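Note that the protein sequences, when read in sequence, are chains C and D. Be aware that the first sequence starts at 1, since it is given in my numbering, and climbs by one per residue. Be aware that the second sequence starts at 1, since it is given in my numbering, and climbs by one per residue.
For the record, the hints were derived by calculation from the structure and aren't laboratory data. Values in this document were obtained by computation on a predicted structure and should not be read as measured data.
Derived list of chain D stretches under chain C, where covered just means 3 residues or more per stretch with a C-beta under 8 Å from a C-beta of chain C:
{"no.": "1", "region": "48-62"}
{"no.": "2", "region": "86-98"}
{"no.": "3", "region": "105-115"}
All C-beta atoms, glycine included, are put in the ideal place defined by N, C-alpha and C.
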Amino acid sequence: MSRFFKLVHNEYTKIFKKGGTAAILILMTIVVIVFEILLCATAEKRDSSDGMAPAWSEENYNNFYNSIGHSNDAAKAHKLELLEYMKNNSLSTNTWGGNLLMVYVNHPYAQQEDFPKDEVARIKEYIAQDDWKGCYSYALENTDLPEDMRWEMNFRAEHNIKPQMNDHTDSLIDKIRGIQADTGGKGALTQSQKDKIAVYTYQLEHDITINVADYTISESVVENTWGAWTFSSGLIYVVAVAMMIFAGNIVANEYSQGTIKFLLVNPVKRWKILASKLFTVMTLAFVLLLIVFIFSGLCASLFIGANGQKAAWLTVTDGKVRESSALAFIIEQWLLQSITLFVLVTLAFSLSTFSRKSSVAIALSIVCIFVGNTITSLLAVFECDWGRFLLFANLDIRGIAAGESMFYRQSVGFAVFVLVEHMVVFIITAFDSFRRKSV
Amino acid sequence: MNDSVVLDIKDLCKNYGSRAILRNINMQCRAGEVFGFLGPNGAGKTTTIKIVVGLLDKDSGDVQVCGKSLKTDFEGALRNIGAIVENPELYKFLSGMDNLKQFARMRGIDDINKINDVVRFVGMTNRINEKVKTYSLGMRQRLGVAQALLHDPKLLILDEPTNGLDPEGIHDLRNILKNLAHEKGICVVVSSHIMGEMEQLCDRVGIITNGTMVGTYTVDELINKNTGSLCTYEIKVDDAAKAAQLCGLDDKCCTVDSEKNILLCSITTENEQDSIADINSRICAGGVKLYTVARQDKRSLEDVFISLTHKTEGDGQIE
Numbered sequence: 001m002s003r004f005f006k007l008v009h010n011e012y013t014k015i016f017k018k019g020g021t022a023a024i025l026i027l028m029t030i031v032v033i034v035f036e037i038l039l040c041a042t043a044e045k046r047d048s049s050d051g052m053a054p055a056w057s058e059e060n061y062n063n064f065y066n067s068i069g070h071s072n073d074a075a076k077a078h079k080l081e082l083l084e085y086m087k088n089n090s091l092s093t094n095t096w097g098g099n100l101l102m103v104y105v106n107h108p109y110a111q112q113e114d115f116p117k118d119e120v121a122r123i124k125e126y127i128a129q130d131d132w133k134g135c136y137s138y139a140l141e142n143t144d145l146p147e148d149m150r151w152e153m154n155f156r157a158e159h160n161i162k163p164q165m166n167d168h169t170d171s172l173i174d175k176i177r178g179i180q181a182d183t184g185g186k187g188a189l190t191q192s193q194k195d196k197i198a199v200y201t202y203q204l205e206h207d208i209t210i211n212v213a214d215y216t217i218s219e220s221v222v223e224n225t226w227g228a229w230t231f232s233s234g235l236i237y238v239v240a241v242a243m244m245i246f247a248g249n250i251v252a253n254e255y256s257q258g259t260i261k262f263l264l265v266n267p268v269k270r271w272k273i274l275a276s277k278l279f280t281v282m283t284l285a286f287v288l289l290l291i292v293f294i295f296s297g298l299c300a301s302l303f304i305g306a307n308g309q310k311a312a313w314l315t316v317t318d319g320k321v322r323e324s325s326a327l328a329f330i331i332e333q334w335l336l337q338s339i340t341l342f343v344l345v346t347l348a349f350s351l352s353t354f355s356r357k358s359s360v361a362i363a364l365s366i367v368c369i370f371v372g373n374t375i376t377s378l379l380a381v382f383e384c385d386w387g388r389f390l391l392f393a394n395l396d397i398r399g400i401a402a403g404e405s406m407f408y409r410q411s412v413g414f415a416v417f418v419l420v421e422h423m424v425v426f427i428i429t430a431f432d433s434f435r436r437k438s439v
Numbered sequence: 001m002n003d004s005v006v007l008d009i010k011d012l013c014k015n016y017g018s019r020a021i022l023r024n025i026n027m028q029c030r031a032g033e034v035f036g037f038l039g040p041n042g043a044g045k046t047t048t049i050k051i052v053v054g055l056l057d058k059d060s061g062d063v064q065v066c067g068k069s070l071k072t073d074f075e076g077a078l079r080n081i082g083a084i085v086e087n088p089e090l091y092k093f094l095s096g097m098d099n100l101k102q103f104a105r106m107r108g109i110d111d112i113n114k115i116n117d118v119v120r121f122v123g124m125t126n127r128i129n130e131k132v133k134t135y136s137l138g139m140r141q142r143l144g145v146a147q148a149l150l151h152d153p154k155l156l157i158l159d160e161p162t163n164g165l166d167p168e169g170i171h172d173l174r175n176i177l178k179n180l181a182h183e184k185g186i187c188v189v190v191s192s193h194i195m196g197e198m199e200q201l202c203d204r205v206g207i208i209t210n211g212t213m214v215g216t217y218t219v220d221e222l223i224n225k226n227t228g229s230l231c232t233y234e235i236k237v238d239d240a241a242k243a244a245q246l247c248g249l250d251d252k253c254c255t256v257d258s259e260k261n262i263l264l265c266s267i268t269t270e271n272e273q274d275s276i277a278d279i280n281s282r283i284c285a286g287g288v289k290l291y292t293v294a295r296q297d298k299r300s301l302e303d304v305f306i307s308l309t310h311k312t313e314g315d316g317q318i319e
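When you get a sec, could you build the whole thing from the sequences and use the hints?
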């Protein structure tokens, strides 16, 4: 076994002492860096708008004051007084208290007596004590607020979600409300709708701002570390191109350099020599992948950041929400994408062994990818279902897992099987041809 | 003397499609000898060598190296073989030392001193850490020999090793190979076309033509005309026919070359000096001018080789 690793040692030495390797790696590094620069520079950063309620600005106050002052509302005196109160207590509409009181400011009253002074007074009391729960339950029972507000208050009270009045909880509650409204609130929700509500509710309850599962590579909304890091998994294709060059060269070069005879006249069986070469390219692919993974993670966290927002990976199974770490999600996304990398490396390696010419191996591999994808897409369009057995229909494991398959209902298990079977065929072809070939 | 057989080839056959390249090759090479593998172009020398080192598959027959069959114990057999076959290249972007380390790792050699010893042996100590692309042809040949000797093989196979070497290089290599065989007991198998070299270098030769072994001989028995108690004298005269009549020998002991005016006399080694003196005086007494008298010790290996392998049929076309 240690003899095998000595062979691998040999192969790595040959790769890294060759000048061409440095060139490829430098080129790859440049592409990766440029990608990350562009990504980080164009990412939209979220505003940090949590916690403190912004002060009631003079301008806002004046606007409201003027508009009410000029209106013909019967209760405008009360309104102005309320407005004053809000200003003095810094109850802008970004606070839950201010938001609630604003309803009264905006509501048109026909007569001055219509203005619900008692309600407002009670509400002010609750606000002074910062008792949102009490206030809401009072309001739900005793006041006549708009339907969507009532729903929200009810929801918050039920799930104990403190109204912090920042973007994040608002948008989530909106989403939930939207789904409910979709079926009239009473009608049957589909399982997927129920799942979504469950996830959003969980997020609200546990104060999880970011569900990383929302940021898959196909939804390229890069707003935070996790989204950026997931998006960077596209760099796997850059690694794949570089590795295909190494894989295409590693066997063919021995022939073109004329070193094959010295290599084979040794007390080592041929298959071991070939296996060491395959092992070398596979491990090298993994190492490069790891480096790119870590580098893009660093870039994402240093330059984009998450602004202290909590992130987790939420999935729903059987109606129950499961929380895993965000990092686990990222790793899963990268792993699924990287399967393509290893399959392509094996393809290039086999072509290299079979044809003994590195140019053929590299060129054919690249052609294969383009042509393969085109042909498979065409087959999908023309509904030739047997196309699902082809290699290229199954390369995008990540996509298949997310339900974006080319053919009707491909499953991940089947796709993995097809890929493994192809790799096995490639490897067997390579080993057999190497064993037989006269040199 | 019972030297152990290092390389044992039995009934080796190889076909390329319908063409028979090797037909029942039988050959045995022993430890401590330099064995020359000779044959015209296309005879099957390189094919045989490639089969022995595992670069080609044979169709039938058996090859054993130090008792290990190539078929059943490939790695064991190859452990005893060091070879240079058909202009192989070393890794140009690596130094000589790095190249040797590659082979050392493959052959399970950990001791750096062994590598240094071999480097010293082939005379490359000063340049071993430079990249091979800066080496001259002679240096690359030496490094090739170093690679072949790295793991102390019992069988050394060299295909045209003097290719491209300058006379001093050829001379040095010859000494190295003889030393390896006669002093270190290695079986050295060399294949070459350069008969002058082979004559000086080899102890035994195997001659192959058209895929078939013509035979194996010691160099001595091929080129020495001194079989038994006879020796040959070459006498240059001005009238060979007349000299033949005068010399007093039988027809069968005399050969006349009228064109070159040379008389070849075969006489017994017993009292050869007196006999030749007697012949000379008779020729002179008969009035024939006598220019040179030379004892013919050997034929050249080249002549022997051509006579053994020359094809009499065909009109000069390659088959």
